[in-house]
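Those protein sequence lines, which keep their order, are chains A and B. Quick note: the first sequence, position 26, residue 26 per the working numbering, numbers continuous. Quick note: the second sequence, position 24, residue 24 per the working numbering, numbers continuous.
Hints are not guaranteed to be accurate.
Straight-line Cα separation of at most 35 Å, DSBU-like style, residue types lysine-lysine; simulated pairs [to be verified]: (1) A:Lys56 <-> A:Lys111; (2) A:Lys37 <-> A:Lys71; (3) A:Lys68 <-> A:Lys5; (4) A:Lys111 <-> A:Lys54; (5) A:Lys101 <-> B:Lys57; (6) A:Lys111 <-> B:Lys11; (7) A:Lys54 <-> B:Lys57; (8) A:Lys68 <-> B:Lys57; (9) A:Lys54 <-> A:Lys68; (10) A:Lys54 <-> A:Lys101; (11) A:Lys111 <-> A:Lys37; (12) A:Lys54 <-> A:Lys37; (13) A:Lys101 <-> A:Lys56; (14) A:Lys101 <-> A:Lys5; (15) A:Lys68 <-> A:Lys101; (16) B:Lys57 <-> A:Lys37; (17) A:Lys101 <-> A:Lys111; (18) A:Lys5 <-> B:Lys15; (19) B:Lys57 <-> A:Lys5; (20) A:Lys37 <-> B:Lys11; (21) A:Lys101 <-> A:Lys37; (22) B:Lys11 <-> A:Lys101; (23) A:Lys56 <-> B:Lys57; (24) A:Lys101 <-> B:Lys17; (25) A:Lys101 <-> B:Lys15; (26) A:Lys111 <-> A:Lys68; (27) A:Lys71 <-> A:Lys56; (28) A:Lys37 <-> B:Lys15; (29) A:Lys37 <-> B:Lys17; (30) B:Lys57 <-> A:Lys71; (31) A:Lys111 <-> A:Lys71; (32) B:Lys11 <-> A:Lys5.
Note that these hints are calculated values from the structure, not bench results.
These are the residues of each chain, in order.
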Amino acid sequence: DQQVKQNSPSLSVQEGRISILNCDYTNSMFDYFLWYKKYPAEGPTFLISISSIKDKNEDGRFTVFLNKSAKHLSLHIVPSQPGDSAVYFCAASALISGTYKYIFGTGTRLKVLA
Amino acid sequence: GAGVSQSPSNKVTEKGKDVELRCDPISGHTALYWYRQSLGQGLEFLIYFQGNSAPDKSGLPSDRFSAERTGGSVSTLTIQRTQQEDSAVYLCASSLEQIYGYTFGSGTRLTVV
Chain A
1 DQQVKQNSPS LSVQEGRISI LNCDYTNSMF DYFLWYKKYP AEGPTFLISI
51 SSIKDKNEDG RFTVFLNKSA KHLSLHIVPS QPGDSAVYFC AASALISGTY
101 KYIFGTGTRL KVLA
Chain B
1 GAGVSQSPSN KVTEKGKDVE LRCDPISGHT ALYWYRQSLG QGLEFLIYFQ
51 GNSAPDKSGL PSDRFSAERT GGSVSTLTIQ RTQQEDSAVY LCASSLEQIY
101 GYTFGSGTRL TVV
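Extracted from the complex, chain B is given alone in its bound form (with noise of 0.2 Å):
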């Protein structure tokens, strides 16, 4: 498609229950970023795909967040036993190369309750 898309857009889970993020990159960008914007937030980084594999993971919050990416394109970030603090607009951007500047998804607002 011609931008980054992500889904679902709005996403209201219970406490515990596991969330998984889709998101759909630019075809041929080779880097892709998982972001999160918690409310009064700067944009957080979570992880870095440069095709399939993942050279940086550091900003993944807790060992129930991970995320994958298939044939170089879509990307899944999967939230586990999903908490109040996890609440936020995850973001997804890609570039097509890692030194250029990223377009963005419209993101996914969590609401964990």
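Here chain A stands alone, though its shape is the one from the complex (with noise of 0.2 Å):
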């Protein structure tokens, strides 16, 4: 049973637009989501997180979008680099029987064509 969805496993973007990341998730209890990058041969890297409490969460090019009464969070990368290209996981967390679980999606694979 996968609770955090990840439904698109590719994504090619031209350099300069916008690429949007989507993330899915079941479970109510979730109230922190976080975005990490992962390039080949490296573990992720954090980029960007959301607390429960907010709907949107800013970084540079970087936003995330939280709609709880949907369960969906999804990634803005404004304008897209080709140093982007990586692949894309959300994850979610919740406090579940006295520990924090942190669920990952599948992962989305962006490539910026230049």
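Put the complex together from the two separate chains, hints included.
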């Protein structure tokens, strides 16, 4: 049972345009959400996060939007750059049985075309 | 060190052999996690350490998998009698407190032939 879903395995975007990566979750107990970026042969690196008390968090070219009623979050990258080409994982966390559990999506491979 | 260090970076082993994967977390990080990523899959949680104890081992796929952490620092993940389905990238992550996001290592790519 995939509690965090990234339904688009891949996405191609022209340099300078907006990249929108989507993530859906099923468990309403999730209260903290993160995006990680992963280059080949490297571990994922933290990109941006959002708490469930907010609906938007912005950091430079990266903005994460949270729609709690739809159980949906998205990552916007604008303008997209070739160096943004990577696999992006969303993650959701909740306190379950005294432990913070982080559940990751399956990732979306973003390719930014020069 | 400055980041989470994992060794070896690549491991090829014969089916049925035991393997040990090592993780050196960031100094002072009390929380340590093991994940694995199989081909086409997301990041699958294996085990969580707080200090030297493992309050959550729910992700270990079978009793062939075990992990320990000593001195609140280095952790080893041991897979006994490896099977081909164990082939994956095994990622270790640490964080200062459980509530914060992680810092991941570069992973160990395990191939069982």
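Hint check results:
Distance restraint check for lysine 56 of chain A and lysine 111 of chain A: the Cα-Cα separation of roughly 24 Å lies within the 35 Å cut-off, and the hinted pair is therefore satisfied. Straight-line distance between C-alpha atoms of lysine 37 of chain A and lysine 71 of chain A comes to about 21 Å, which keeps the hinted pair within the 35 Å bound. Between the alpha carbons of lysine 68 of chain A and lysine 5 of chain A the distance comes to roughly 15 Å, so the proposed pair stays at or under 35 Å and holds. A C-alpha spacing of about 29 Å is found between lysine 111 of chain A and lysine 54 of chain A, which places the hinted pair at or below 35 Å, so the restraint holds.
Between lysine 101 of chain A and lysine 57 of chain B, the direct Cα distance comes to roughly 12 Å. Compliance with the 35 Å bound is thereby established for this hinted pair. Using a Cα cut-off of 35 Å, the hinted pair lysine 111 of chain A and lysine 11 of chain B holds, with the two alpha carbons roughly 29 Å apart. With a CA separation close to 32 Å, the supplied pair lysine 54 of chain A and lysine 57 of chain B stays within the 35 Å bound. Restraint check: the Cα-Cα separation between lysine 68 of chain A and lysine 57 of chain B comes to about 30 Å, which is no more than 35 Å; the hinted pair holds.
The hinted pair formed by lysine 54 of chain A and lysine 68 of chain A meets the criterion: a straight-line CA distance of about 9 Å does not exceed 35 Å. In summary, the hint linking lysine 54 of chain A to lysine 101 of chain A is supported, as the alpha carbons are separated by about 20 Å, within the 35 Å threshold. The suggested pairing of lysine 111 of chain A with lysine 37 of chain A holds, with an alpha-carbon distance near 12 Å, which does not exceed 35 Å. Using a Cα cut-off of 35 Å, the hinted pair lysine 54 of chain A and lysine 37 of chain A holds, with the two alpha carbons roughly 22 Å apart.
In summary, the hint linking lysine 101 of chain A to lysine 56 of chain A is supported, as the alpha carbons are separated by about 22 Å, within the 35 Å threshold. About 16 Å separates the Cα atoms of lysine 101 of chain A and lysine 5 of chain A, which keeps this hinted pair within 35 Å; it holds. For the proposed pair lysine 68 of chain A and lysine 101 of chain A, the alpha carbon gap of about 19 Å is at most 35 Å, so the pair holds. For a cut-off of 35 Å, the pair hint linking lysine 57 of chain B to lysine 37 of chain A stands: about 26 Å separates their Cα positions.
For the suggested pair lysine 101 of chain A and lysine 111 of chain A, the alpha carbons sit about 30 Å apart, so the restraint of at most 35 Å is met. As the CA atoms of lysine 5 of chain A and lysine 15 of chain B are separated by approximately 32 Å, the hinted pair is consistent with the 35 Å bound. The suggested pairing of lysine 57 of chain B with lysine 5 of chain A holds, with an alpha-carbon distance near 23 Å, which does not exceed 35 Å. The hinted pair formed by lysine 37 of chain A and lysine 11 of chain B meets the criterion: a straight-line CA distance of about 24 Å does not exceed 35 Å.
With a CA separation close to 19 Å, the supplied pair lysine 101 of chain A and lysine 37 of chain A stays within the 35 Å bound. Proximity of lysine 11 of chain B to lysine 101 of chain A is assessed by CA-CA distance (about 28 Å); at most 35 Å being required, the pair is judged to hold. Restraint check: the Cα-Cα separation between lysine 56 of chain A and lysine 57 of chain B comes to about 34 Å, which is no more than 35 Å; the hinted pair holds. Between lysine 101 of chain A and lysine 17 of chain B the CA atoms are separated by roughly 31 Å; this keeps the pair inside 35 Å, and the hint holds.
Of the supplied pair hints, the one linking lysine 101 of chain A and lysine 15 of chain B holds, its CA atoms being roughly 32 Å apart against a limit of 35 Å. Restraint check for lysine 111 of chain A and lysine 68 of chain A: satisfied, since their Cα atoms lie roughly 28 Å apart, inside the 35 Å limit. Taken as a hint, the lysine 71 of chain A and lysine 56 of chain A pair is honoured in the structure, with Cα atoms around 14 Å apart against an allowance of 35 Å. With a CA separation close to 32 Å, the supplied pair lysine 37 of chain A and lysine 15 of chain B stays within the 35 Å bound.
Using a Cα cut-off of 35 Å, the hinted pair lysine 37 of chain A and lysine 17 of chain B holds, with the two alpha carbons roughly 33 Å apart. Between lysine 57 of chain B and lysine 71 of chain A, the direct Cα distance comes to roughly 28 Å. Compliance with the 35 Å bound is thereby established for this hinted pair. Between the alpha carbons of lysine 111 of chain A and lysine 71 of chain A the distance comes to roughly 26 Å, so the proposed pair stays at or under 35 Å and holds. For the hint linking lysine 11 of chain B to lysine 5 of chain A, the alpha-carbon distance of about 30 Å falls within 35 Å, and the restraint holds.
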